[in-house]
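Student: Working from the sequences, and respecting the hints, build out all of it.
One-letter residues, chain by chain:
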Amino acid sequence: MEMFIQTLVSGILIGGIYALIGIGMTLIMGVMKIINLAHGQLMMVAMYITFVCHQYLGLDPYFALFIAMPCLFVLGAAIQKYLLNPLLKVDSILPENQVLMTVGIGMVLTEVMRFIFHSDYRSIETGYSSTAFYLGGISFNLPMFVAFGIALLLTLGLFLFLLKTDVGKSVRATAQNMDAAMILGINAHWITILTYGLGSALVAAAGTLLLPIYYLFPDIGGPFTLKAFVITMLGGMGSTVGAIVGGVVLGVAESLGATYIAMSLKDAVAMVIFLLVLIFLPGGLKKLTKV
Amino acid sequence: MMKKLVMTVMMIVLCALLAAPSVWARETIKVGIVLPLTGGQAAFGEIERNSFEMALAEINSAKLLGDKKLEFIFEDDTGKPEVARSAAEKLITKDQVVMLGGGYGSSETFAIAGVAQQSAIPFLVNTGSADKITEQGWDYVYRLNPAASDYPMGLETFLTEVVKPKTAAILYEDSNFGSSSSKSFETTCKRLGINVVLSENYSKGGVDFKPLLVKVKQANPDLVYMISYLMDASLLMGQSMELRITPKLFVGGAAGFTLPEFPKKAGKASENVFSATLWYQTLPYPGAMEYFNNYGKKYGKETEYHGAEAYAAAYVIADTLKRAKSLSRPDVKAALSATDMMTVFGPVKFTSYDKKINQNKLPTYLVQWIDGKLELVWPKKIASKPFIYPIDFEKTWK
Amino acid sequence: MNSRPWVLGIIGLLLLAFPFLVPSDYYRHILIISLMWVVIGSSWNLLAGYTGQVSFGHAVFFGTGAYTAGLCVTKLGISAWWGLVLGGPVALLVGLVIGWICFRLRGPYFALATIAVGEIFRLVAIAWRDFTEGMEGILIIQTYRSKVPYYYLALLLAAGCILAIHLVMRSKWGYYFVAIREDQDVAEAIGISTFRYKSLSLMISSFFTGVAGAFYMNYMAFIDPHVVFSLHDVSIMAILVGIIGGVGTLWGPPLGALVMVWLQETFRSSFFGLLPRWVSEAHVLVFGLLVIFVIRYLANGIVGDWAHIKQLIFRSKAASFSTGGDRS
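Residue numbers (my numbering), protein chains in the order written: chain R, 1019 to 1309; chain U, 10 to 407; chain V, 2 to 329.
For the record, the hints were derived by calculation from the structure and aren't laboratory data.
Restricting the straight-line Cα-Cα distance to at most 27 Å, the calculated cross-link-like pairs of lysine-lysine (BS3-like) are:
#	chain 1	residue 1	chain 2	residue 2
1	U	Lys364	V	Lys76
2	U	Lys358	U	Lys331
3	U	Lys39	U	Lys77
4	U	Lys364	U	Lys192
5	V	Lys76	U	Lys141
6	U	Lys277	U	Lys382
7	U	Lys364	U	Lys199
8	U	Lys89	V	Lys76
9	U	Lys358	U	Lys39
10	V	Lys311	R	Lys1107
11	R	Lys1051	R	Lys1099
12	U	Lys192	V	Lys76
13	U	Lys72	U	Lys331
14	U	Lys224	U	Lys173
15	U	Lys72	U	Lys334
Tutor: Written out as structure tokens, the structure reads:
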């Protein structure tokens, strides 16, 4: 029983980190309908920014949030403006051109970071990296717990932004129907740039919060990109609450799979769930909860 | 007119390119080294390349090969067997190297070994350690480093003489190295009468190992043996501490537990952890400590056993070429077979045992992290510090 | 290019004579790998470029073919060459099942599903040690020392694949494929069974990719799950080959394959050792930049936008090249 509860707890906690990674993706996919295959690489860039802040400026990762997020916002916005938006005007055989562009962007980001930082494994030492507190013999990792809290806060913030502000409403309108939004006088180009920037900033938060418990090297992005779209599909595209739910579901499924099936099949479990959701529940858990 | 000129120049350049190797061959002896210089394993490829270059500079300035100059041509295998094969082909047919060296990942080493055997060119492996590499009956493939199954040899006597564990859990990375080492450690356990209660693999790069470690905790073994690379090792230890898993001892079975990054990331969780290792700078081999210090001075980073393997391999290559009657492949092979020398990595002599041929047999050792420093603790007579056992984990983790 | 059969003839003759013109095993090896990618890229293109179903999971078929050949040796005790016969059909069956699952989905959802299937295959191949040998991989001994037999085999496969695709695209099926790509709903409305024709396209595509995989096993003599089921090094590489050359064109992927493999090799070896070493460390960077450049400026690849390239080179101001309608 203790084994089960511990597995569940670590699944939920890692789910918080996953949710943070997924929430940026869900925003981007919801508005632009493209799979951002550079998502993990953007997170990797944010982690390097955090690393530099910590190493050379002595900043705590939690403060580095305030540097990494704006930096990634600018980077993401620039990518959308100069690389992705122009593709809308080009007539090509495959509509997936934007997706393939993100593959190229991901490669370039990885290699540029390798040029600057080499392939060395980096990690930062904080006092609290493997600090845990215990409730009845069950361990709760502190940095993960904090990350979970911040994930909830950011989701709430994003939720309110989309629901209450004018800009947020424009984003939602664009997500529903880009052409119609433009007819209504919304500058859809600007909205897409804002969205990609926001999505990047959110994944930057994930990277920054992940760094204290994880480590860093240029090729780290790929697996997290996969996680991000699994979460997005689980939660439903464009659903902020869905991302949290999707993240937690993924985290718990992986953990239970690792404990009760095999650690080596943990990711396969996630992929099977993903396929099942894609096929039998298109639209994700959003469909069930209507949020 | 202009076009013609350009064409002519281009043709000349092309001819020069193709003809170049034969022109230079008289003054320098070329040896091809294949290492991962980009991709996920590049960090180690870099240590090895630096060590090769350091040795090369020393060899050439000491004129070990007389008037001839030794040259290493480095090729990047990017951590992919297919590319490793291209690289080996290029070195053999384009650069016309007299022998091959390097070989980091087991899969890439296989690919290179296949080419070497087919082209009948001697290949000195210095890191790729899957047992199968020297078990194919490929007589052109020589291996300086011990095979994966030999890694825990040093640990074995420690277990039988000191710890006497009854149960063991094995966690290993799902790489070629990981799965062949785990298999051989399982047979070792069987022979020693240790009951393996859990043997499970994982993919490298995981964030959360707790679901796996919960099972270890449940099984409560005397010994936890982990074949993990790099950062996985620190995460595994850190999270074991978090879950308060307290076996009699934790032993690492791969590079992850001996790197300087390990205590940096794992913090106090790294304290008193044992690791099987192939090399340690305080070993009583001539030049070992010197190599360790010089490397640190030259590159501003610490080296470890991979570097020592590469450094030793460079000297074995130089020694071979010095003794070879001519630079023809059979002569180089004969000279390599006859190698019997001392290096910073230990004595090198290629023998055949079990199913293996051309394999250098070396003792392996046990190291332990004591007060944040890696110390050689076993075999006892060459230990740099007495081992700490039994370990009170509750106290060290406070 | 079909309008100039003599160009094809000369290229064909040059390829046939290549092993005699170039004695270096190194260049032969690179061309063999290129030809293998011609097969994979062209197969991917049939499904993605012509039928509009962008697959991110071609490693599944490649790996299945390679493992079929490998398992012939380890499980059946017969020669790996049987894999060349069995690899295609086995991959085709796998393709059929995957199509049955994934063709319920469209566009990006289909792409995502194929990524998931690819990852599942890779992870299961690693975990199922009794069957696949796991990460220890399968090692065989090459049959021939010389590259020449492998070269001609690869050439035969590439030519066969291109010819087959050419014939398919000229047949009724071809028109149905393109109709599905252009608008699936319209295609369905005019009575094309989109599911059946998508499956047909996938079957041909997976068959050839599987054969290429079996060839890889025979030629490289070593496989493990990370190598043949790789998302990045096989599935995405297949896409890049198609994109760079030009999707939906017969000669695009072959050209893309040549460009990609040669480019990778020149950069990896720092222009054959002529340039400083950091150049070799930049080869993936160059890849990435090339992809960005091609998608941004040559959306239909080198072959698809050939007219565009010609104009750029000759600086003709005639603005007839296809910028297409302003979609947004």
